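> First to last, the protein sequences are chains A and B. For the first sequence, this note's numbering gives the first residue as 634, with consecutive numbering after it. For the second sequence, this note's numbering gives the first residue as 560, with consecutive numbering after it.
Note that these hints are calculated values from the structure, not bench results. Note that the structure is predicted; figures quoted are calculated from it, not measured. Fair warning: there could be bad hints in the mix.
Derived contacts from chain A toward chain B, CB cut-off under 8 Å, selection only [what the hints assert, rightly or not]:
(1) G662
(2) Y665
(3) Y679
(4) H682
(5) F736
(6) G737
Each pair of labels, with its calculated beta carbon distance range [to be verified]:
(7) A:T712 / B:A561: 39 to 49 Å
(8) B:S639 / A:A696: 41 to 51 Å
(9) B:P620 / A:N646: 35 to 45 Å
(10) A:D700 / B:S639: 44 to 54 Å
(11) B:K629 / A:N646: 41 to 51 Å
(12) A:A696 / B:T670: 34 to 44 Å
Where is the CB? At the ideal position from N, CA and C, for every residue including glycine.
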Amino acid sequence: DAKTTQPNSMESNEEEPVHLPCNHSTISGTDYIHWYRQLPSQGPEYVIHGLTSNVNNRMASLAIAEDRKSSTLILHRATLRDAAVYYCILAYAGGTSYGKLTFGQGTILTVHP
Amino acid sequence: NAGVTQTPKFRVLKTGQSMTLLCAQDMNHEYMYWYRQDPGMGLRLIHYSVGEGTTAKGEVPDGYNVSRLKKQNFLLGLESAAPSQTSVYFCASSYSGERTEAFFGQGTRLTVV
Numbered sequence: 634d635a636k637t638t639q640p641n642s643m644e645s646n647e648e649e650p651v652h653l654p655c656n657h658s659t660i661s662g663t664d665y666i667h668w669y670r671q672l673p674s675q676g677p678e679y680v681i682h683g684l685t686s687n688v689n690n691r692m693a694s695l696a697i698a699e700d701r702k703s704s705t706l707i708l709h710r711a712t713l714r715d716a717a718v719y720y721c722i723l724a725y726a727g728g729t730s731y732g733k734l735t736f737g738q739g740t741i742l743t744v745h746p
Numbered sequence: 560n561a562g563v564t565q566t567p568k569f570r571v572l573k574t575g576q577s578m579t580l581l582c583a584q585d586m587n588h589e590y591m592y593w594y595r596q597d598p599g600m601g602l603r604l605i606h607y608s609v610g611e612g613t614t615a616k617g618e619v620p621d622g623y624n625v626s627r628l629k630k631q632n633f634l635l636g637l638e639s640a641a642p643s644q645t646s647v648y649f650c651a652s653s654y655s656g657e658r659t660e661a662f663f664g665q666g667t668r669l670t671v672v
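With the hints as extra help, turn the sequences into a complete structure.
Here it is, written out as structure tokens:
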């Protein structure tokens with residue numbers, strides 16, 4: 634199964650943009666890229682997902698490299714409520730692992746007032 | 560609109576005891592997942608299901624069994640609990656796995672003494 638690599642931690646200031654990187658160099662052509670976040674003492678929460686094209690929603694934007702070996706989650710204006718662990722996940726669409734959602738270690742995002 | 564409901568929310572077991580964790584979803588989702596999260600760690604996939612009557616092993620399946628007899632329910636069983644199974648357990652569901660977002664329950668905190 635393909636794996637993702639994320640920085641252990643990142644810091645940002647409130648109301649500034651945040652770019653959270655993720656490497657997935659062994660991604661296969663049909664694997665989707667998902668991002669989730671987990672606030673303290675809560676279950677993970679969906680943020681965004683995509684396959685090839687860049688995606689936007691009310692929470693964030695997802696920029697996917699042309700070769701799909703990396704992606705970046707963009708929070709346009711960080712707030713204190715965005716402080717969480719952010720997970721980049723590959724969702725397998727084919728083969729014997731289809732449907733599998735495997736989390737990595739994630740990036741701890743700290744937002745300073 | 561309950562979403563994903565986990566029962567129980569807390570439990571203390573003695574070593575060697577058995578128990579079943581119940582995950583119920585009311586969104587007609589095909590895919591369901593069980594994860595465990597140890598302190599300071601990411602989520603690790605125990606077992607998952609891509610439809611009623613199906614189950615598959617995740618990253619850490621040993622010591623656990625699962626059943627998906629009804630589409631809306633996914634049961635996680637511990638036949639003989641061990642202290643190493645002390646963890647927070649999360650259940651999730653999604654409509655189509657890789658193509659749609661997953662919804663998570665609030666977790667079950669299990670302590671094995």
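> Could you run down the list of hints and mark each one as holding or not?
Okay, the hints, checked on the actual structure:
1. G662: Since chain B brings no Cβ nearer than about 12 Å to G662 of chain A, farther than 8 Å, the hint is violated.
2. Y665: Interface hint status for Y665 of chain A: holds (4 Å vs cutoff 8 Å).
3. Y679: 4 Å, holds
4. H682: Check passed: Cβ of H682 of chain A comes within 7 Å of chain B, closer than 8 Å.
5. F736: 4 Å, holds
6. G737: This interface hint holds because 6 Å falls under the 8 Å limit.
7. A:T712 / B:A561: 39 to 49 Å: 28 Å, violated
8. B:S639 / A:A696: 41 to 51 Å: 47 Å, holds
9. B:P620 / A:N646: 35 to 45 Å: 43 Å, holds
10. A:D700 / B:S639: 44 to 54 Å: Holds - the Cβ-Cβ distance for D700 of chain A and S639 of chain B, about 47 Å, lies within 44 to 54 Å.
11. B:K629 / A:N646: 41 to 51 Å: 49 Å, holds
12. A:A696 / B:T670: 34 to 44 Å: For T670 of chain B against A696 of chain A, whose Cβ atoms are near 42 Å apart, the range 34 to 44 Å holds.
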